[in-house]
Amino acid sequence: MGNCNSTRKCFQCETGYYGDYCNESCPVTCDGQCDRFSGECLKCSPGYHWRRCTSVCPATCVNGCVLFSCACSNCSTERCGKNCEFTYSTNCVDNVCMSSSESCVLCKSGYYGVFCNGSCPNMCEPCFNGTHCTQCKRGMYGQMCQNSYPDTCDNLTCDIRSGE
1 MGNCNSTRKC
11 FQCETGYYGD
21 YCNESCPVTC
31 DGQCDRFSGE
41 CLKCSPGYHW
51 RRCTSVCPAT
61 CVNGCVLFSC
71 ACSNCSTERC
81 GKNCEFTYST
91 NCVDNVCMSS
101 SESCVLCKSG
111 YYGVFCNGSC
121 PNMCEPCFNG
131 THCTQCKRGM
141 YGQMCQNSYP
151 DTCDNLTCDI
161 RSGE
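The opening residue of the sequence shown carries number 1 in this note's numbering; numbering runs sequentially from there.
Just so you know, these hints were derived from the structure itself, not from any lab. Among these hints, one or two may not hold up.
Calculated pairs, BS3-like style, for lysine-lysine (alpha carbon to alpha carbon, straight line, at most 25 Å) [claimed, not checked]:
(1) 82 x 108
(2) 108 x 137
(3) 82 x 43
Simulated DEER-style distance windows between Cβ atoms [stated by the list, open to error]:
(4) 62 x 93: 18 to 24 Å
(5) 94 x 11: 29 to 35 Å
(6) 114 x 20: 50 to 56 Å
(7) 14 x 54: 49 to 55 Å
(8) 59 x 147: 46 to 52 Å
(9) 119 x 139: 19 to 25 Å
(10) 94 x 15: 37 to 43 Å
(11) 12 x 87: 46 to 52 Å
Just so you know, even glycine gets a beta-carbon here, dropped at the ideal spot from N, CA and C.
Let the hints inform the model, and build the full structure from the sequences given.
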């Protein structure tokens with residue numbers, strides 16, 4: 001079952017076998033590729049992971065998961081997170097979210113928040129990820145453009161944050 005010496009101890013095993021005498025079969029889920037000495041998988045069949053490919057990947061993973069962890073190689077549509085356990089918001093730019101959570105990397109215009117589920121105030125044009133407006137509509141001021149300028153203020157000379 002491999003390249004063996006006169007004591008039948010082997011130096012190299014045929015594909016699918018391991019051990020000193022190449023008499024141990026690699027786990028079926030290793031796709032026939034395991035370490036010659038330990039029998040640990042070098043590759044897993046699709047849908048399996050861990051050292052002997054005995055753990056099943058989460059159903060939300062596409063193309064299986066990383067060999068020695070349950071982290072997905074790729075997520076199915078509208079899923080994100082290490083194990084594709086999160087559904088991302090459709091308000092994420094390019095439908096991309098952080099690999100470790102369901103939070104968006106960037107929000108589409110008009111939305112803010114970690115999950116891009118907050119709508120920017122109408123007086124904001126546009127808002128910066130929900131923390132403040134980058135510009136207010138004429139006659140408005142404040143972090144979220146929530147205040148009207150006083151009658152004594154000329155819109156061109158008043159501060160966008162303080163209204164002074």
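*asked:* Looking only at beta-carbon atoms, does the pair residue 94, residue 11 fall within the given range of 29 to 35 Å?
replied: violated (52 Å)
*Is the hinted pair residue 82 and residue 43 satisfied, with a Cα-Cα distance of at most 25 Å?*
holds (20 Å)
*Regarding the pair residue 82 and residue 108, is the alpha-carbon distance no greater than 25 Å?*
OK: residue 82 and residue 108 at ~23 Å, within 25 Å.
*50 to 56 Å as the expected CB spacing between residue 20 and residue 114, which holds or is violated*: Given a distance of about 55 Å, which is inside 50 to 56 Å, the answer is holds.
*Holds or violated: 46 to 52 Å for the Cβ distance of residue 59 and residue 147?*
Holds, since residue 59 and residue 147 (Cβ atoms, about 50 Å apart) stay within the stated range.
_Satisfaction of the hinted span 19 to 25 Å by the C-beta atoms belonging to residue 119 and residue 139_ = holds (21 Å)
*If you check the beta carbons of residue 14 and residue 54, does the distance land in 49 to 55 Å?*
violated (23 Å)
*Does the Cβ pair residue 94, residue 15 satisfy 37 to 43 Å?*
holds (42 Å)
*Can you let me know if the beta-carbon spacing of residue 62 and residue 93 is within 18 to 24 Å?*
holds (21 Å)
*Should the hint that residue 12 and residue 87 are 46 to 52 Å apart at their CB atoms be regarded as holding?*
holds (48 Å)
_For a C-alpha distance cap of 25 Å, please report whether residue 108 and residue 137 respect it._
holds (19 Å)
Checked against the numbered hints given earlier, the structure breaks hints 5 and 7 and satisfies all the rest.
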